[in-house]
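Once you've looked at the hints, go ahead and assemble the two chains, each given alone in its own frame, into the complex.
In case you want the letters, here they are:
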Amino acid sequence: MAKARGAVYFETDRCKGCELCTAVCPVDIVVMDRKSINRKGYNPATVTEMDKCIACANCATVCPDLVIRVERVA
Amino acid sequence: MPTVFEPTKGLTGVEFHYCPGCTHGVIHRLVAEVLEEMEELGNSIGVAPVGCAVLAYKYFNCDMHEAAHGRAPAMATGVKRVLPDKMVFSYQGDGDLASIGTAEIVHAAGRGENITVIFVNNAIYGMTGGQMAPTTMVGQRTTTSPLGRDPRQVGYPLRISELLATIDGAAFVERVSVHNPANIRKAKKAIRNAFDCQKQRSGFSLVEVLSNCPTNWGMSPLESLDWVKEAMIPYYPLGNFRRPEMQESEHA
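So the protein sequences, as listed, match chains A and B.
When we follow the numbering used here, the leftmost residue of the first sequence carries the number 1, and every step to the right adds one.
When we follow the numbering used here, the leftmost residue of the second sequence carries the number 1001, and every step to the right adds one.
Since the hints were made in silico from the structure, they are not lab data.
Just so you know, these numbers come straight off a predicted model, no measurement behind them.
Just so you know, even glycine gets a beta-carbon here, dropped at the ideal spot from N, CA and C.
Keep in mind that the hints are not guaranteed to be accurate.
Stated by the list, open to error - Covered by chain A, according to a simulated footprint, are these stretches of chain B (three or more residues, beta-carbon under 8 Å):
no., segment
1, 1061–1070
2, 1179–1188
3, 1212–1224
For reference, chain B alone in the conformation it holds in the complex (with noise of 0.2 Å):
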């Protein structure tokens, strides 16, 4: 009997700690079926965030390494820099790269640094316990804005992808969605591109993929996919914003 799907070998296989229907599990699969499609698992190496993907490196099957709060790129760069035939990618949060590490993303795109950034935007911060992050949408109630993000107060949700696209050293810029099937097969499509990006020496590639939070949004798993359509992509429009000339991969 063919195997229409089967988990990949890019993941160890240990199970996530992520709480009940994150989604954070259906990108770092994606993010590893990638790198195994390529055949660069072995010749890939990953740089975890501080966030609730903390622990990143207990999942993928490739090298890893641990970074300081938002200094995932920083630490890539420096990985890409020793090692410039490797795959280097860093994986990171909202909080981490939109807010203590804004400095380093800005710059690493800046540079040009040939690495992936695998943004995951979820609108609050998971692991700290659902506070208000640069990204939380105005109006959304969290444990630091239990009225709503007023801007009044703390301003605007910040739109890293189209902020970053307008830095000539960004190759690759794009934002995706994992709300439903369709969107995980465009995502990774997606992140399939930003790695060929990287691959093909273009320089800085991102994928800013809008996830969820149940737990932090105080909803079922289900109305959390149904809150990412509805209130956050007409706020972060789904499309790529950035991309070289090159060629299409022929991997769905």
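Bound conformation, chain A alone (with noise of 0.2 Å):
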């Protein structure tokens, strides 16, 4: 089978930069965008590789403020 991928949506401005997303992703791609700051002042998390996503939904399970959302790719 396949590998999963997946590609995964932020809806920045909901963010808090709490960071709990950046610690459960297996493939360790999600991180806090030091470069940006959001609506609440916060560094959103974001992804940097979209194509290692395995489409697993770890860091949006986690996420307390509904920023993410998750599609499968292929």
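Structural data, given as structure tokens:
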């Protein structure tokens, strides 16, 4: 079976920068975007290498603020 | 592209007022997802507590009531007895349920009221500024126990699930945690079982969810989840304490 691939979408302005999502990603691609500041004044979470995503949805599962939506790509 | 995860329709989408990293948001979502999956959103009535979750009625996409401090089980009792076909739940913190509301929760369980209680235990009074709660751990520093909770002076933390599990009216009692994705999925399953229990009219159901309070614990959100795992779970063991003979939910 081909490895699942996914895409993660962030509703950036809801993010409070708690970083919980960065600790649960098995392929370690969720990071805090230190170069941008959202409407609430936090550095929001983002994904750097989206092609590594396996659509496990761990990040969305721990996110307390409904920031993350996950789709399966292939 | 198939969606793997999207926000549930069980929540209104209003942004939570909770502190960064507070797992109230996760627990709200689990309750809402369960009600959505059971197709009970339009048939549910929730009772919000006093505490950090006092504004929960803004977030749940079902009918909600606000109760006086600790009185959510009493209000839920009234709602359920008048409208027995509705799914009725209360959502309460440890300051609300285990302190001022101890009488209400014990007697609601004793009467075997057919309601579901979501009990969020984060071992501290959050909203009022981090005071010691009945569930505060021995040695834990709070604003009213600055040298750490001393059991010789203020006694020991209450294990509410174990207490309630001794009551015959309590049909379903389980303690879960939300400190990592695996436990969050287990917590959802327990919440589903609790609501199934109510639907099958088995009696009182309660799910205790170990939660965090990074702000008042003085930790980062990530450190606080480690503290749940390392300090709280050894004292508040996870697991089911009571369950009726019932059909297992097919949903994970």
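- prompt: Are there three or more residues in the segment 1061–1070 of chain B whose C-beta lies closer than 8 Å to some C-beta of chain A?
  reply: violated (count 0)
field: Three-residue Cβ test at 8 Å for the coverage of the segment 1212–1224 of chain B by chain A
entry: holds (count 4)
field: Coverage criterion applied to the segment 1179–1188 of chain B (partner chain A; beta-carbon cut 8 Å; 3 residues)
entry: holds (count 4)
Violated hints amount to a single one, hint 1; each of the other numbered hints is respected by the structure.
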